[in-house]
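Protein chains: 2
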Amino acid sequence: MANDSFVEQIADIEKDFPQWYTDVVLKTKLVDYGPVKGTMVIRPYGYAIWENIQAELDSRFKATGHKNAYFPLLIPMSFFTKEAEHVEGFAPEVAVVTHAGGEELAEPLAIRPTSETVIGSMYSKWLQSYRDLPIKINQWCNVMRWEKTTRPFLRTSEFLWQEGHTAHATAEEAEAETMQMLAIYKEFAENVLAIPVITGRKTEKEKFAGAVATYGMEAMMKDGKSLQAGTSHFLGQNFAKAFEIKFLDKDGSQKYAYTSSWGVSTRLIGALIMAHGDQRGLVLPPKVAPTQVVIVPIAAKKGGVVEVCEKLKEKLEKMSVRVEFDNTDSSPGWKFNEWEMKGVPLRIEIGPRDIENGKAMIFRRDTCAKDSYDLEDIEKTVLKLLESVQKDMLESARARRDGRIVYANSMAEILKGVEGGNFVKAGWCGCRECEDKVKAETAASARVYAEGETAEKCAVCGKKAEHVIIFARAY
Amino acid sequence: MANDSFVEQIADIEKDFPQWYTDVVLKTKLVDYGPVKGTMVIRPYGYAIWENIQAELDSRFKATGHKNAYFPLLIPMSFFTKEAEHVEGFAPEVAVVTHAGGEELAEPLAIRPTSETVIGSMYSKWLQSYRDLPIKINQWCNVMRWEKTTRPFLRTSEFLWQEGHTAHATAEEAEAETMQMLAIYKEFAENVLAIPVITGRKTEKEKFAGAVATYGMEAMMKDGKSLQAGTSHFLGQNFAKAFEIKFLDKDGSQKYAYTSSWGVSTRLIGALIMAHGDQRGLVLPPKVAPTQVVIVPIAAKKGGVVEVCEKLKEKLEKMSVRVEFDNTDSSPGWKFNEWEMKGVPLRIEIGPRDIENGKAMIFRRDTCAKDSYDLEDIEKTVLKLLESVQKDMLESARARRDGRIVYANSMAEILKGVEGGNFVKAGWCGCRECEDKVKAETAASARVYAEGETAEKCAVCGKKAEHVIIFARAY
Chain E
5 MANDSFVEQI ADIEKDFPQW YTDVVLKTKL VDYGPVKGTM VIRPYGYAIW
55 ENIQAELDSR FKATGHKNAY FPLLIPMSFF TKEAEHVEGF APEVAVVTHA
105 GGEELAEPLA IRPTSETVIG SMYSKWLQSY RDLPIKINQW CNVMRWEKTT
155 RPFLRTSEFL WQEGHTAHAT AEEAEAETMQ MLAIYKEFAE NVLAIPVITG
205 RKTEKEKFAG AVATYGMEAM MKDGKSLQAG TSHFLGQNFA KAFEIKFLDK
255 DGSQKYAYTS SWGVSTRLIG ALIMAHGDQR GLVLPPKVAP TQVVIVPIAA
305 KKGGVVEVCE KLKEKLEKMS VRVEFDNTDS SPGWKFNEWE MKGVPLRIEI
355 GPRDIENGKA MIFRRDTCAK DSYDLEDIEK TVLKLLESVQ KDMLESARAR
405 RDGRIVYANS MAEILKGVEG GNFVKAGWCG CRECEDKVKA ETAASARVYA
455 EGETAEKCAV CGKKAEHVII FARAY
Chain C
5 MANDSFVEQI ADIEKDFPQW YTDVVLKTKL VDYGPVKGTM VIRPYGYAIW
55 ENIQAELDSR FKATGHKNAY FPLLIPMSFF TKEAEHVEGF APEVAVVTHA
105 GGEELAEPLA IRPTSETVIG SMYSKWLQSY RDLPIKINQW CNVMRWEKTT
155 RPFLRTSEFL WQEGHTAHAT AEEAEAETMQ MLAIYKEFAE NVLAIPVITG
205 RKTEKEKFAG AVATYGMEAM MKDGKSLQAG TSHFLGQNFA KAFEIKFLDK
255 DGSQKYAYTS SWGVSTRLIG ALIMAHGDQR GLVLPPKVAP TQVVIVPIAA
305 KKGGVVEVCE KLKEKLEKMS VRVEFDNTDS SPGWKFNEWE MKGVPLRIEI
355 GPRDIENGKA MIFRRDTCAK DSYDLEDIEK TVLKLLESVQ KDMLESARAR
405 RDGRIVYANS MAEILKGVEG GNFVKAGWCG CRECEDKVKA ETAASARVYA
455 EGETAEKCAV CGKKAEHVII FARAY
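Chain order of the listed sequences is E and C.
Numbering-wise (the numbering used here), the first sequence opens with residue 5 and increments by one.
Numbering-wise (the numbering used here), the second sequence opens with residue 5 and increments by one.
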């Protein structure tokens, strides 16, 4: 079969998930390797997904009172040393500019790995009185973290992201902001990306360098590993004290502000691929799919087929559906494979016999089911199906994930759980030694606290459990 | 008067235009200086203008078949040397990363000053056959050019821009693309920014390093100087040969592609300020103004005023007008100054007596005229006025500019012309010596060829004129 020769190009998803991932991202032209090791080029098909992600998130940020701005790429190296934990966390990964304009610089400059420091220095300048608070700014930009091992979208030296940075008069307000943004990320992940996520606080070991508390959202990939899909940090007064972010309060005294920061990145595209993809390639949820519907003519040279397809395309475009009419010379079978690999949610097939019968076939990429529908008013069917695909993809991913959450009472059970490709919930005494031991013996890390759950004993040392932790191997 | 004390904060636009510019950009919170010399922070009010510019341009790019993508920030230094003119033009301005991840790099990496080289290397990889052509990609990103003297928006080490890069099978197609994008820039500058521009070819001296031909658009600022507001380059096969951008043509032979590139940047915000601003501050055209209408209540505590204002705000929002209701504690006079300085196109004043009479005052920022209008259906009046402001600002800028274009037949006349704050049209023999002489003696540079115009003699050497050039001092 023609299908087979095509599908063979993608490695077996069950047998070699990492190679399957690489094959899919390259063959669908989402991304390519840049000339410098560890860099990626986000190609038009991948960037179109990012644009859809941006539009959805940006409207949510603005609806909650945030404004966009742009801060400099280059940060004086001395800024990093002002917050002790921060420099320890980021200095080893920084790319450094030492020469510019033909001269050696007096002070080396870091390419931002994240912007708490440079933004903190500006907030310190802008903030005078309690009346200036809260400050709620977001920026969309590139950041750089020099990594040893890299994979497109998941871990590259440069990536694109948004980073929100806010300053508040009280700890309560900054904490409320931190939790609000975490909730927005979760709602977005589930309703837009169709990826169910578990949100919760991170352990001291896993938190952001310089934060008081980090909250993450964890998504399960098809291999059972976890992908940290977004984080929201309550920074307390750590950066406020390091950068003198102070204000004159109502009571006439100078106070340090409380700050938060939160971000998601082009990693989300990696999450989309690994949460939904299958042996045929990508499976994209309609809300972020660059093309939501492709129309493939069958026996296009027969009278009327092209006209019917073009008319349908126009109708769908008027309803703001992102639609392509593939009227190229390739065979229908070749086109089916191509658009399936690209993850287009719906394919409409229209041939002379369909037109005679007033019918058209619609193929759903998520279920790979194909059905016949009335050609009249088919645009309404398309809208309904797009909604169904969006919802069903979330529910299907949720069922898949929920079936892979297990409980463990011992290190052996943790190991068995993660080796079986599960999220493992286990009691934890709260000490770093036990957390390190899990990592060393199972390659799983503490993803987040399982909020609201309790256990009697630490699965590692058997002492009293203070928390339940979700352990998983992670990207 | 309260007005006066406020206005005093901005330097006299007639006496000290550079200081006026600095005062306006800082006091309206468009921008601030970053911690590293030569860098800028684009603050929310400035960035909102950039977002409006992006949306307008992006839809034009997409409507003409371009897709967005993202290429790496870091470029191997060796790439620059592959195109001889290109390296000469950009190497002196490059910022260089020598260390990353705690180690010295084997090859130093340049932060992109422009991306012809790195994009060329990718096109070389992607392009196989004539069927893959044309490639039409744009990217929105940051770039870096290390400059000695810097001014916010006009010249900073880092700035934001878009750069389009296309590859074509023939020179004709690449030239057509170059001219199409120039035309799109002109239409955008005039209809969106309300800035009349002169487009035309640049001289060899002024062209982009590595281009066969550069076309620019030049806008007149209120001091009579020119600002290059955008450029479009026909690159011939220069980069195709340097980066092996080749394809198998229909005739079975390998051919080099022809490429183009084109860009505009956050400089456009500087152009907006200097083309339209006045002693009170910014004057923004409605299409890019972050706030198009501000409603200021008069005697807000009197019954009904706030309600009427809020209702009007809602109505305008439903009509997609970007509107603010300024119900803060400041006096109306203070608010008038503040919003005038910020350049908001329309101000609606509503007080108890206005409501009694079924009227409201509307102040137009561009003309500073204030009139009374019926409160009923005032939203329709607002839409009409916004349209008028947009059109009138262009016509007023055009009249101002057209009154400042003069002809010169000698070096003395060129000097007199540019010292009077004019664009000066003069015959030119075409030799570099005469062009350099104008620059040395008048500080004016050749902006663009005056397309379609002819002159008898070169204003500098008196030899036969080959072209008419527009000379001006420039930003």
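It is possible that some hints are incorrect.
A pair counts as met if it fits within one copy or between any two copies, since identical chains are not told apart.
[Said to hold, decoys possible] The list that follows gives simulated cross-link-like pairs (lysine to aspartate or glutamate, EDC-like), each with its CA atoms no further than 16 Å apart: (1) Lys33 <-> Asp136; (2) Lys363 <-> Asp381; (3) Lys317 <-> Asp381; (4) Lys71 <-> Glu328; (5) Lys317 <-> Asp330.
Since the hints were derived computationally from the structure, they do not count as laboratory data.
Structure-based check of all given hints:
1. Lys33 <-> Asp136: between (46 Å within a copy, 13 Å between copies)
2. Lys363 <-> Asp381: Answer is within: at 10 Å inside a copy they meet the 16 Å cutoff, but 49 Å across does not.
3. Lys317 <-> Asp381: Answer is within: at 13 Å inside a copy they meet the 16 Å cutoff, but 39 Å across does not.
4. Lys71 <-> Glu328: between (34 Å within a copy, 15 Å between copies)
5. Lys317 <-> Asp330: within (10 Å within a copy, 46 Å between copies)
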